[in-house]
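Trainee: Can you build the whole structure from these sequences, using the hints too?
Protein chains: 2
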Amino acid sequence: MSEPLRVLGIDPGSRLTGFGVLDFNGDKATYIASGGINCANGEFADRLKIIFRSVSEIVAEYRPSVVAIESVFVNRSAGSALKLGHARSAAICATFSFDVTVVEYSPREIKQAIVGSGAATKEQIQHMVKSLLSLGGEPSPDAADALAAAICYGHQRRMKNRLSDRQLLARRR
Amino acid sequence: MSEPLRVLGIDPGSRLTGFGVLDFNGDKATYIASGGINCANGEFADRLKIIFRSVSEIVAEYRPSVVAIESVFVNRSAGSALKLGHARSAAICATFSFDVTVVEYSPREIKQAIVGSGAATKEQIQHMVKSLLSLGGEPSPDAADALAAAICYGHQRRMKNRLSDRQLLARRR
Chain A
1 MSEPLRVLGI DPGSRLTGFG VLDFNGDKAT YIASGGINCA NGEFADRLKI IFRSVSEIVA
61 EYRPSVVAIE SVFVNRSAGS ALKLGHARSA AICATFSFDV TVVEYSPREI KQAIVGSGAA
121 TKEQIQHMVK SLLSLGGEPS PDAADALAAA ICYGHQRRMK NRLSDRQLLA RRR
Chain B
174 MSEPLRVLGI DPGSRLTGFG VLDFNGDKAT YIASGGINCA NGEFADRLKI IFRSVSEIVA
234 EYRPSVVAIE SVFVNRSAGS ALKLGHARSA AICATFSFDV TVVEYSPREI KQAIVGSGAA
294 TKEQIQHMVK SLLSLGGEPS PDAADALAAA ICYGHQRRMK NRLSDRQLLA RRR
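One line per chain: the protein sequences are A and B, in this order.
With the numbering used here, you'll find the first sequence wraps up at 173, consecutive numbering, no jumps.
With the numbering used here, you'll find the second sequence wraps up at 346, consecutive numbering, no jumps.
Errors might be hidden in some of the hints.
[To be verified] Now the stretches of chain B that chain A is said to cover, found in silico as 3 or more residues with beta-carbon under 8 Å:
hint: 1; segment: 215-228
hint: 2; segment: 240-250
hint: 3; segment: 265-273
[Unchecked claim] Computed list of chain A residues with no C-beta within reach of chain B, every gap over 10 Å:
hint: 4; residue: Asp23
hint: 5; residue: Asn41
hint: 6; residue: Gly42
hint: 7; residue: Glu61
hint: 8; residue: Ala78
hint: 9; residue: Asp99
hint: 10; residue: Val102
hint: 11; residue: Glu109
hint: 12; residue: Lys122
hint: 13; residue: Lys130
hint: 14; residue: Gly136
hint: 15; residue: Ala170
It is worth saying that the hints were derived from the structure and are not from the lab.
Where is the CB? At the ideal position from N, CA and C, for every residue including glycine.
Mentor: Right, dumping it as structure tokens:
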């Protein structure tokens with residue numbers, strides 16, 4: 001049996017950053033951990049430091065091979081885009097000391113992979129993440145979004161593998 | 174004689190990030206180094222990695238006590254604010270492994286400190302930085318903006334020291 005592939009999903013935010021860790025073994029996803037990094041208080045540089053250090057610690061502890069992170073939908077004010085950009089970059093920079101691949105998905109891609117619709121609500125994401133991972137309870141919205149980013153990675157990998165299997169089959173015929 | 178205080182100024186940008194190192198000895202500023210980090214090409218995450226690693230190397234080499242960084246004037250599109258936020262955060266995160274104080278100045282504060290007017294042009298900044306530091310030639314616009322952030326720190330420190338000297342004098346009377 002091959003080693004499971006470990007994926008860390010991150011839902012970046014300037015006040016709360018969600019994270020979720022999953023192991024993929026073939027098509028099967030196993031829940032490992034999830035939670036939220038609270039960085040709502042203090043000076044802005046200190047809040048970035050909390051995100052940077054917390055994500056570094058999470059990567060050091062769980063050693064994922066892949067980090068899946070939500071990209072930012074730019075339909076917001078320049079001020080909030082600026083803040084979110086800082087928070088998201090701090091989470092990405094925290095992975096640079098480790099041998100991980102960073103992949104980015106739009107909120108729409110993630111929702112599509114989880115609920116089948118790009119217009120899914122937060123509650124639908126929480127509900128589907130609980131169901132897909134057979135969790136005992138619903139994760140918090142931020143943890144659910146982070147787990148959803150990790151599930152989206154697994155989903156896209158499965159699609160790619162099936163596509164290349166089919167191409168292989170087509171070539172053999 | 175006391176140890177000079179070393180300040181690293183940073184002018185963050187998503188394509189070019191300027192840096193400048195100065196030593197302050199009392200009121201006197203001595204030029205140590207300056208330059209630009211080119212991160213215009215490649216995937217966005219790779220460009221952040223270039224900023225993060227380059228600023229880490231600069232801090233490791235010059236060991237400043239203070240990092241002075243320009244804050245972002247938010248009169249721009251959400252898309253460009255998002256990119257600039259990422260770049261600026263990567264530069265700030267690169268200082269977190271070192272014992273440095275990060276201070277932020279608005280573009281207006283920096284221009285005011287260098288040229289005496291918050292509406293100074295890039296050329297005026299370059300010219301004044303060359304003159305204030307007695308440089309042989311004009312630094313590039315990005316290096317000049319970074320050196321200007323460092324000069325702004327020195328300027329504000331001088332003002333604070335004089336203010337507290339006066340208060341001390343007033344108390345002694």
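Trainee: Does A:Val102 really sit off the interface, with its C-beta more than 10 Å from all C-beta atoms of chain B?
Mentor: Incorrect as stated: the minimum Cβ-Cβ distance to chain B is 5 Å, not above 10 Å.
Trainee: In terms of Cβ atoms, is chain B entirely out of 10 Å range of A:Asp23?
Mentor: At roughly 23 Å from the nearest Cβ of chain B, A:Asp23 sits farther out than 10 Å, so the non-interface label holds.
Trainee: Are all C-beta atoms of chain B more than 10 Å from that of A:Glu61?
Mentor: Per Cβ check, A:Glu61 is outside 10 Å of chain B; nearest 18 Å; holds.
Trainee: Just checking, A:Gly136 versus chain B, shortest CB gap more than 10 Å?
Mentor: For A:Gly136, whose nearest Cβ neighbour in chain B is about 35 Å away, the distance exceeds 10 Å, so it holds.
Trainee: Would you check whether the claim that A:Gly42 is not at the interface survives, using Cβ distances to chain B and the 10 Å cut-off?
Mentor: At about 13 Å from chain B, A:Gly42 clears the 10 Å cut-off, so the statement holds.
Trainee: Tell me whether the statement that chain A covers the segment 265-273 of chain B is true, taking a Cβ distance below 8 Å and needing three residues at minimum.
Mentor: holds (count 4)
Trainee: At 10 Å, judged by beta carbons, does A:Asp99 keep clear of chain B as stated?
Mentor: Check passes; 13 Å lies beyond 10 Å.
Trainee: Could you check that no beta carbon of chain B comes within 10 Å of the beta carbon of A:Ala170?
Mentor: Answer for A:Ala170: holds, closest chain B Cβ roughly 31 Å.
Trainee: Minimum Cβ separation between A:Lys130 and chain B greater than 10 Å?
Mentor: holds (30 Å)
Trainee: Compute the least Cβ-Cβ separation between A:Asn41 and chain B, then decide whether it is above 10 Å.
Mentor: holds (18 Å)
Trainee: In terms of Cβ atoms, is chain B entirely out of 10 Å range of A:Lys122?
Mentor: holds (22 Å)
Trainee: Take a quick look at A:Glu109 and tell me if its Cβ sits farther than 10 Å from every Cβ on chain B, holds or violated.
Mentor: holds (16 Å)
Hints 8, 10, counting from the list given before, are not met by this structure.
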